[in-house]
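Protein chains in written order, with the numbering used here: chain A, 241 to 349; chain B, 54 to 168.
Everything labelled a hint here was simulated from the structure, so no lab data went into it.
Each hint should be verified, as a subset may be incorrect.
PhoX-like mimics (lysine-lysine), calculated; alpha carbons at most 25 angstroms apart, straight line [as the list claims (entries may be wrong)]: (1) B:Lys77 x B:Lys131; (2) B:Lys77 x B:Lys121; (3) B:Lys77 x A:Lys282; (4) A:Lys296 x A:Lys344; (5) A:Lys242 x A:Lys307; (6) A:Lys282 x B:Lys131.
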Amino acid sequence: QKEVEQNSGPLSVPEGAIASLNCTYSDRGSQSFFWYRQYSGKSPELIMFIYSNGDKEDGRFTAQLNKASQYVSLLIRDSQPSDSATYLCAVNFDYQLIWGAGTKLIIKP
Amino acid sequence: DAGVIQSPRHEVTEMGQEVTLRCKPISGHDYLFWYRQTMMRGLELLIYFNNNVPIDDSGMPEDRFSAKMPNASFSTLKIQPSEPRDSAVYFCASSPTGGVAGELFFGEGSRLAVL
Chain A
241 QKEVEQNSGP LSVPEGAIAS LNCTYSDRGS QSFFWYRQYS GKSPELIMFI
291 YSNGDKEDGR FTAQLNKASQ YVSLLIRDSQ PSDSATYLCA VNFDYQLIWG
341 AGTKLIIKP
Chain B
54 DAGVIQSPRH EVTEMGQEVT LRCKPISGHD YLFWYRQTMM RGLELLIYFN
104 NNVPIDDSGM PEDRFSAKMP NASFSTLKIQ PSEPRDSAVY FCASSPTGGV
154 AGELFFGEGS RLAVL
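One chain only, chain A, in its complex shape (with noise of 0.2 angstroms):
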């Protein structure tokens, strides 16, 4: 069964603290690895996507990839309270893309 995890939260940060976001994954033949930010009674939003391992930083965001552990994240620099949302990681296996339930994410001022 391809399984992505995440812990559900909240996860409470203060403002201009980094907020580090947590995501594993089933299968090791997974290619490509998405991070959406869903604000509450909205739709999601693609922030970051990462394909290789290793880091790739986008502003104050920076997606994390390690296939061997089986393991992605999601770093927010000098968090915001608009940063409050949650969080969804998503795994592409074989063109289906299988969702973790979220992470909230509280920044408090």
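Once you have looked at the hints, place chain B on chain A.
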């Protein structure tokens, strides 16, 4: 572009009634997905189309659910008869061929409550 457009945004209906949800994908996008989201089960893929053809409907919960895509700019998801356990937010998403596989553009969703 206007993005993925869904209607209605909210629907309240009684058990046994027919519900039709509508979606207009982003122009030029060849893939269209219908998802359902609940607190208990998260995001679930119901069905997806490529070039108006249903490719995988294994996520459709039962025969009460049906989906069509008569042309590249319109799709419907129908529930008949509806039941209280169908209450959820239904999202339509589209994706372009040649784009990043897994990069989905979601509509704002249709929030369904079946009483």
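Structure-based check of all given hints:
1. B:Lys77 x B:Lys131: holds, 15 angstroms
2. B:Lys77 x B:Lys121: Satisfied, since the Cα-Cα distance of roughly 12 angstroms is no more than 25 angstroms.
3. B:Lys77 x A:Lys282: holds, 18 angstroms
4. A:Lys296 x A:Lys344: holds, 22 angstroms
5. A:Lys242 x A:Lys307: Holds, because 15 angstroms separates the two Cα atoms, which is no more than 25 angstroms.
6. A:Lys282 x B:Lys131: holds, 22 angstroms
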